[in-house]
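Novice: Sequence:
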Amino acid sequence: MEKLVSRIKNILISPKSEWEAIKAEQTSAKDIIFEYVAILAAIPTIASVVGMGIVGISFMGTTMRYSFSYLLVWAVFFYVMSIVTVIAAGAIINALAPTFEAKQDSVQALKIAVYSYTPVWVAGILNIIPLLGLLTLLASLYGIYLLYLGLSPLMVAPPAKALGYTVASIIVMIAVTIVAAVLVGVMAGIFVSTGGPDTMQMMGH
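Residue numbers are given in numbering that gives the first Met the number 0: position 43 of the sequence shown equals residue 42, and the series is strictly consecutive.
Hints listed in this document are in silico derivations from the structure and should not be mistaken for laboratory results.
Treat each hint with caution, since some may be false.
[Claimed, not checked] Straight-line alpha carbon distances no greater than 20 Å define the calculated EDC-like cross-link-like pairs of lysine to aspartate or glutamate that follow:
id, residue 1, residue 2
1, K29, D104
2, K160, E100
3, K8, E24
4, K2, E34
Please model the entire structure based on the sequences and the hints provided.
Specialist: In structure tokens:
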């Protein structure tokens, strides 16, 4: 746990030096996923369940809360898709490498995807209060910056190509994220018998 906390702190506070440390680490995709992704991806999942099911979403004097059955199924799909999405992001970064004169390396590409997602996962705690969850968009911007910083050292991308590499990666990753989000909502709705209007409880103040 100490190693995990240290990695989170360092990639957020001193990313340039941390990317160099990450580059030198001998690890496997399995270890990265189970020792880092699986833990951090749980933060926004749990926070969202609390936010949508207990705190509720307030709008114009009305508070909406999702049913437990819906949230249980939604949480499973959301958590799994969060992990799948970051793995896909790593594959995208690796696939785009030759286009930007970078070196293909699936593990290094996965490292970039995973550690660039760190600010988003950490900020996911704000989902406990649904409206504050919008601030995760700011965390996403920092994640893009981390991605940019990591491409040159880990993928050996020429500095002049790093910006284009970043933009191309982000565009494809956004598309993948949108598709994943839609799939989570659709699948959760299909698997819950109380789908539709009964999925939410609405209460006036």
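Novice: Taking the hints in turn, state whether each one holds.
Specialist: Here is what the structure says about each hint:
1. K29 to D104: holds (15 Å)
2. K160 to E100: With a Cα-Cα distance of about 8 Å, the restraint between K160 and E100 holds, given a limit of 20 Å.
3. K8 to E24: holds (17 Å)
4. K2 to E34: Judged against 20 Å, a Cα distance of about 10 Å means the pair holds.
When the structure is compared with the earlier hints, no violation turns up for any of them.
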